[in-house]
Amino acid sequence: MGVVDLTSMAEEQSTLRNEINERLLKLKSEISDYCFQCAKCTSGCEAHKLLELEPHKIVALLKRGLIDEMVNSDVIWTCMSCFKCRERCPQKVAPVEILFALKNMAVASGKQIPGKYTSMLQSILSIGLIQDVQSVSNRDNKTKKRDNLGLPKVSKPLDAVKFQTAITKLAVEKI
Amino acid sequence: MTKYALYPGCVMPTEQYAYEISIRDALPLLNIALVDVEGFSCCGEPMKSMNQLMTLYLSARNLALAEKQNLDLFVPCPMCHLSLSECQRALENNPEMRDRINSMLASEDLQYKGSIDVVHTINLLHDHIGIEEIKKHVKKSLSGLKVATHYGCHLIRPSEVGRPVDSENPQKMETILKVLGAEPLDYPEKLDCCGAMLSANLPESALTKTGQKLQKVQDQGFDVFVDVCPWCHRMFDSKQVKAGETVAVKLEIPVMYLTQLLGLALGVKKEKLGLELNLSPVDKLKLGDK
Ligand code: SF4
Ligand code: SF4
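If you read the sequences in order, they're chains A and B. Residue numbering for the first sequence follows our numbering, beginning at 348 and increasing consecutively. Residue numbering for the second sequence follows our numbering, beginning at 12 and increasing consecutively.
Next up, chain B with everything else stripped away, as it sits in the complex (with noise of 0.2 angstroms):
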């Protein structure tokens, strides 16, 4: 077993429970284990249009607690990937924002060394645990499943910061979703948004991109949409009736968390994974009854 850290960040432990539970049914089958960590808060992204510096200090204090598990970070969600990862990049190239950050850090007893990695679950299964692994463990294909993926603003852009996939041409998850069987297909809208940061305040606007998005994919014919953020998830699953609502169409398209795929390719039943909590109407793939 290869131990990480889990580092889970707001959204998906206070409600995308999905995304939780299938990435704790399926990890352990490819020998990951996952250690919980007391203390963690928000990693400081969504606050990024308020106040920059605190973004920069709570990802510094998240990753000095993981720190002391010496351990690599597991970070599910894109947008705290993101600000960590920022974070690491801005505390390296300058030592005397690191000095004062540290000095702050120091009244929780906290120190930031940047010691470890960070990893989401895209590199996770393509780089950490690779392809060859993951085909030995498919124990029912996913065949003939046409699949659209979403990757997630953040998890692609900025380039510069280093980030787990191409951000013109992203095919990790591709590659992941061919080895369990399955048929990802790219189609023209692939790296558009999905809106949810306008969700604290231009809420409308937010559904708008995602209804527009989830028609195209809808139109093209596509069985299910499968992405790996809680953000984007809550728009396009959890929200997505309401979304088709605002572009006028009756949205009927199934989506699935990458990790709920992988699990029942990997053997998981599909009473665990979190399935019942999909929203949007996967029962119409008859997944897991062949």
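So that you can see chain A by itself, here it is in the shape it has in the complex (with noise of 0.2 angstroms):
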């Protein structure tokens, strides 16, 4: 089963967006009597400045239940995982793993998938790895790759079909 049916079955996906669904729904109950909108993770929060992501705000928009708004907003994929937010919240809100959940849903809904993730969902159901073993340039511009560079084969699934398997089981339901 390729990537493609995979992220876009929308049908089948039901069970996985239902179980995201109430991961999200228990962020909000969990949040809505403790963010007081203080801002102090957007204060810190790497993509604000460069790219006008304010976590506070999301927190805001999940507490009035504007779900699918930010699922549908490109904004959600400026966030750059730097867990700032979930470290300084005064309230133990954790920004961060709403906008992963949401990414999720946006993912699991079939929406457009941004950049090189779905290659590297891709590399990781044929090989394991988000991508296979590189040659780079040194400093004088030789290329070297990993076996003439004394280093032992990359580790990797032995049995790929099982592991595809098992993958391919997790993209599309709830385990």
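None of the hints are false.
With beta-carbon atoms standing in for the labels, derived distance ranges: (1) A/T490 - B/D47: 21 to 31 angstroms; (2) A/C385 - B/K157: 36 to 46 angstroms; (3) B/E144 - A/N368: 50 to 60 angstroms; (4) B/E194 - A/S390: 30 to 40 angstroms; (5) B/V252 - A/V422: 27 to 37 angstroms.
FYI, nobody ran anything at the bench for these hints, they're computed from the structure. Positions of the beta carbon are idealized from the N, C-alpha and C atoms, including for glycine.
Using the hints, put the two standalone chains together into the complex.
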């Protein structure tokens, strides 16, 4: 099964969507009492100045139940997972975790997946790693590979079929 | 010799060879033996934005493979280290999830038990080997070297998951560098992110984050910028020229893995340690020439 099937099977992914929705509702009920919109998360957010991400607003929108609006917005994909918002929130609210759940929902809903995420998943499915062994250049512009640098073979799943079956199952249904 | 199983992850063994080479060259001098294990896959962390259950499953799978070796797991990548640590915590606190994951792992004859520790380069050196022990093995002091350190977000946060270093004032790398004779100095941008996680979908913005941090480091007159993460190093070293272009600055700051500096201080020849692979101008440090 290819990645395209995996990520666009809107119907079969309903269980997965339900699961993510439960997660979002849990985050909603857990944070609604605690976040007092101090915006400390946004003041330290690595994506704030450069990409205008405002994690405190993500929390506010979740409080109001505007989940679909956020799932459809590009802004959720500007988070760079620095975890500063989670670390520094005085109320132990974790905007970054809300953002992960929203992005998961966007993917499970068959939305277009940005950038290289699809090819990374494809690579995991076929060889177990996000990319295969690369040739690199040294400072003298000579090409080098693992084997001519004296490094052993890369560790990868031994039974590709069994590995792939498990991952494919995960991508389409609740475990 | 103390044995650890090595979990290489994806980025280090497929392109960041200098980290792996310097680890394999330097650690045996501190009586660490690394055991290669077959069958590992991605830790799952890069898939967290797509499917968090997949992240959890992949981490549990790798931990289960390592548990078969009955050895603690040395994990040089902070992203992998966070993913594996978070998985341990999640499956510890949620027996139901643990059973579900285990029923899936059974198809590969694996079972997650939660019986081993995961260790990153920093706590391996600082806490497991120990500063006193490292001191005994230093052959060439790195004296006079002004170092800016970069830990990487995933290594220091979220502290709730249990990280190897302090989240707001990490100092273990500084302590290690001091015992090697170097002079690490704090700077205002020390905790700033490299931006690597945006490389997948917003590569220009990722490079801008890298360029902004390196520009500040260069302006403050550091000799070398030291990191311990293959994702961060790919940004700061491998892509330094491009990162400079995004902020319209010519960046010429030597960037090295901590394990490369460690190796030099332990007396490993400078032809080793993968030093030819750093694309930043490390030659200007005249390291190992003394
Ligand atoms: S999430 Fe935390 S830091 Fe952000 S506004 Fe709410 S309480 Fe403040
Ligand atoms: S994890 Fe994302 S939302 Fe939170 S501070 Fe970092 S970039 Fe901002």
